[in-house]
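**Q** Given next are the chains, with one letter for each unit.
There are 2 protein chains.
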Amino acid sequence: MSKLPDIKTNFAEWYQEVIQQAQLVDASPTRGCFVIRPYAYAVWENIQQELDKKIKDLGASNAYFPLLIPESFLKKEAKHIEGFAPELAVVTHGGGKVLEEPLVVRPTSETMIYYMFSKWITSWRDLPLSINQWANVVRWEMRTRPFVRSLEFLWQEGHTAHRTKEEASAMAQAALQAYKDMYEYYLAVPVIAGEKSPTERFAGADTTYTIEGLMQDGKALQMCTSHLLAQSFPASFDVQYQDSDGSMKTPYCTSWGFTTRSIGAVIMTHGDQDGLIMPPRIAPIQAVIVPIFKTPEEQAIVLEKAAALSQALKQQGVRVKVDTDVTTTPGAKFFHWELRGVPVRIEIGPKDIANNQAMLVNRMEMDKAKKKTPASLDVIAQATIALLDTIQQGLYDRALRRMQDNWHQADKLADFGPAIDTKNGLYQAGWCGSADCEAKVKEYKGTIRCLLQEKKHAVCFHCTSQSISDVLVAKAY
Amino acid sequence: MSKLPDIKTNFAEWYQEVIQQAQLVDASPTRGCFVIRPYAYAVWENIQQELDKKIKDLGASNAYFPLLIPESFLKKEAKHIEGFAPELAVVTHGGGKVLEEPLVVRPTSETMIYYMFSKWITSWRDLPLSINQWANVVRWEMRTRPFVRSLEFLWQEGHTAHRTKEEASAMAQAALQAYKDMYEYYLAVPVIAGEKSPTERFAGADTTYTIEGLMQDGKALQMCTSHLLAQSFPASFDVQYQDSDGSMKTPYCTSWGFTTRSIGAVIMTHGDQDGLIMPPRIAPIQAVIVPIFKTPEEQAIVLEKAAALSQALKQQGVRVKVDTDVTTTPGAKFFHWELRGVPVRIEIGPKDIANNQAMLVNRMEMDKAKKKTPASLDVIAQATIALLDTIQQGLYDRALRRMQDNWHQADKLADFGPAIDTKNGLYQAGWCGSADCEAKVKEYKGTIRCLLQEKKHAVCFHCTSQSISDVLVAKAY
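Each protein sequence line maps, in turn, to chains D and G.
Count the first sequence with the numbering used here and you get residues 1 to 477, in order.
Count the second sequence with the numbering used here and you get residues 1 to 477, in order.
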């Protein structure tokens, strides 16, 4: 355990160190695959619990589809295989024999699910059909980074079929909105929701919607996506239904996914020089009680009070832990839990007990001189909950300010281009809609992250012909 | 939708039909892999929710380990690779290239997890270490049956490391007890918990404990297992720790798993000629309200009352659904929900409303003349909950009687052997402990399912030398 690399000057190393030291992940013997350790998995469980409710509110039912997909299935949708072919892991042997047809480990499940939809959808009465799957997927990435990009990751993938394009489009956008709520309300991460440019679309989609965020190093991170697949996939898999007028029709489909990358977004948005900061709504431990004592007599009194305090907090729904380890010092415990980003620390010692109080410490304000606030034991649960709310909001506000401070209005690519790589940040500019102009951004190591609703720029950042939409340009993970 | 095959004379076909018609599963294009459809997945979610609590009560934390394991890892434990080699799916290509070392799709995760344990366990202070993973695994089975045996299945796998063999043994048995509770309390399936004979042990285990059940056709089903792995695995993966006296030691390990096979056990234990019967504690829908009406006026009144009734039941924690479909008849709805095994049906029509009552129908008593009971609307929630409890207990009692009725005391294999295959059932006999005598049972298509605590037989069923333990013999899935 050593001091973390400087977060301001060496963000990439800070990230690698903090996730190791806080025991979020560990490297595995399989290249590019990471072990999600209990503390990080508990974050994922909290995310899953909230997101699963939202998905069910969207009308989707959970189901489970096979991991292994016949290779020929991926080839049925031309753009899909073009997009995914370089990323496939292929099973060629099973039960000691060479397989007649290789099986790919799912990189996503459209092909399997639309094949099943072709069996399940026969009448307009079967629509809309909304299915969700919590699963692992494998994509053969060459450059990996825990949570952000790995060979295997965990996600949910929603797949829906509808009678009309309007209904499908509304579904894709409703999923996007649910994701936005997850990021903003639960993860305290401000985001931008928008449409991807055609070149950045999911392989096989009509429209791809994205959620983008800004990390502390000024780089953008694509948080999750939602696709209006329209009719290309269902047509490729012969999904057809008899409409109420007797005619045979092809449904309009959507798919949308939210992954363990969200944990990476939390780390890179909220962490500081002392370690992680967990947003209270998804923090595995919201408050840690550190008992402070010297003599055995004090120990007995303080531990008893700490246990009672823990009970009181649990009853109010706070996820609380008492650090009862008697082999380490309070200082070592402070360090341990600050590194792990527990939002509230409650210190309690003999003097506090004599004063019927405990000290509340806000994880966001470690560097402030007057960081401890006394709270009466009579109202400690309410005070803790109030502080958790303050921190949840404070994290969001701080990240939002950072995004606003790094959001630049930009005109000519030749002017703002160099800053994309050297200063990072978000650049809002006009765009003519052509892939040629879009490609110019890559020369500066940037990409168009998404199209924006707001229109401030009249002409394209490159060709200066009329702009069809403002776009957000950034260097991205 | 047609009548189900006769459950008494054609159980295997009844099973295949009922799971299709009730939309629990569907065949996938990948041989031996099945799609778990929403109604069955909801059962799995309910099981997961309860089992996850039990696992956390056992002290284990959830984590996630990579799906793909270097092939060489499986070879580190000699018995393990011997047992699993014929069942492996192997990834030989990734990202369009041949891999330097093939990766196997995990058939179970001991090898990956003990490798990680070797990094995480260095001191006696790190013990016990208890990890659980909810995951998919792949075993290349040739003869498959949905839920019971498939190429891919879902499970949890617990892996723990301890300082002493006694502590590890206690852990393996505590996991077994948690599984027994799951089966008996939640799934209403009576089971036998016992030790496996040495030849039936998990590949690499010192002791394998098993939970066995009896299906309606008189065949036994291994429900789940828990293993005392002791030191072979940790030694193979160099898991070592410094004990409090400074010496280096190898920990004692356990592993234990509970799978989607449990859904198969529920179907084969409780189903009847009309379809499934879902034990209330894990039923996705515990009560279905079927509104009965003829005129539009009646429809408005009845649907309003049904909605109010549903609200009242939901408030009491009952998982309830109102079948509001106006395009099908009440009779069709009865059939639909009986097939799916919803334990309680609530019928409500204009006459019932006039009498301030609804009719409660018990799914276990479809064939009885007086199967409907009126319940006052003032106490309908309590009456429904009471009936759900009655059904939960009734299902367990009925299955327990069946097990008792089919449990035979047996002496000489030559006498009871022929009945194993022709009549099925459970046969309790003495056993000398030799693998030779055990092998004789296979000549009658039976196996020793487990050793029993109770000792009623003095001599071995085959060699007639002294018995070391009573065993349970049966034909099994």
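FYI, nobody ran anything at the bench for these hints, they're computed from the structure.
Some hints here could point you the wrong way.
Restricting the straight-line Cα-Cα distance to at most 25 Å, the calculated cross-link-like pairs of lysine-lysine (PhoX-like) are [what the hints assert, rightly or not]: (1) Lys314(G) to Lys56(D); (2) Lys53(D) to Lys53(G); (3) Lys119(D) to Lys97(G); (4) Lys54(G) to Lys165(G); (5) Lys97(D) to Lys165(G); (6) Lys370(G) to Lys8(G); (7) Lys119(G) to Lys333(D); (8) Lys97(D) to Lys79(G); (9) Lys53(G) to Lys180(G); (10) Lys180(G) to Lys75(D); (11) Lys321(D) to Lys53(G); (12) Lys53(G) to Lys56(D); (13) Lys97(G) to Lys56(D); (14) Lys54(D) to Lys314(G); (15) Lys370(G) to Lys53(D); (16) Lys97(D) to Lys75(G); (17) Lys314(G) to Lys53(D).
Derived coverage of chain G by chain D (criterion: at least 3 residues anywhere in the stretch with Cβ under 8 Å from a Cβ of chain D; other residues may be distant) [unchecked claim]: (18) 39-45; (19) 276-289.
Derived CB-CB ranges, DEER-like [claimed, not checked]: (20) Thr373(D) to Ser123(G): 32 to 42 Å; (21) Ala308(G) to Gln240(D): 36 to 46 Å; (22) Ser61(D) to Glu304(G): 44 to 54 Å; (23) Pro296(D) to Gly433(G): 50 to 60 Å; (24) Glu443(D) to Ser123(G): 37 to 47 Å; (25) Glu297(D) to Gly433(G): 42 to 52 Å; (26) Asp389(G) to Gln240(D): 41 to 51 Å.
Cβ atoms here follow ideal geometry from the backbone N, Cα and C, with glycine treated the same way.
**Q** Decide, hint by hint, whether the structure agrees.
**A** Hints versus structure:
1. Lys314(G) to Lys56(D): Judged against 25 Å, a Cα distance of about 17 Å means the pair holds.
2. Lys53(D) to Lys53(G): Measuring from Cα to Cα gives roughly 19 Å; hence the hint holds.
3. Lys119(D) to Lys97(G): violated (35 Å)
4. Lys54(G) to Lys165(G): holds (22 Å)
5. Lys97(D) to Lys165(G): violated (39 Å)
6. Lys370(G) to Lys8(G): holds (24 Å)
7. Lys119(G) to Lys333(D): Roughly 23 Å separates the two Cα atoms, so the pair holds.
8. Lys97(D) to Lys79(G): holds (21 Å)
9. Lys53(G) to Lys180(G): holds (14 Å)
10. Lys180(G) to Lys75(D): violated (46 Å)
11. Lys321(D) to Lys53(G): holds (18 Å)
12. Lys53(G) to Lys56(D): holds (22 Å)
13. Lys97(G) to Lys56(D): violated (40 Å)
14. Lys54(D) to Lys314(G): holds (19 Å)
15. Lys370(G) to Lys53(D): violated (40 Å)
16. Lys97(D) to Lys75(G): Roughly 18 Å between the alpha carbons, so the hint for lysine 97(D) and lysine 75(G) holds.
17. Lys314(G) to Lys53(D): holds (16 Å)
18. 39-45: With 4 residues closer than 8 Å to chain D, the segment 39-45 of chain G meets the three-residue bar; holds.
19. 276-289: violated (count 0)
20. Thr373(D) to Ser123(G): 32 to 42 Å: holds (37 Å)
21. Ala308(G) to Gln240(D): 36 to 46 Å: This hint holds: roughly 41 Å between Cβ atoms.
22. Ser61(D) to Glu304(G): 44 to 54 Å: violated (27 Å)
23. Pro296(D) to Gly433(G): 50 to 60 Å: holds (54 Å)
24. Glu443(D) to Ser123(G): 37 to 47 Å: At 53 Å between Cβs, range violated.
25. Glu297(D) to Gly433(G): 42 to 52 Å: violated (58 Å)
26. Asp389(G) to Gln240(D): 41 to 51 Å: holds (47 Å)
Checked against the numbered hints above, the structure violates hints 3, 5, 10, 13, 15, 19, 22, 24 and 25; every other hint is satisfied.
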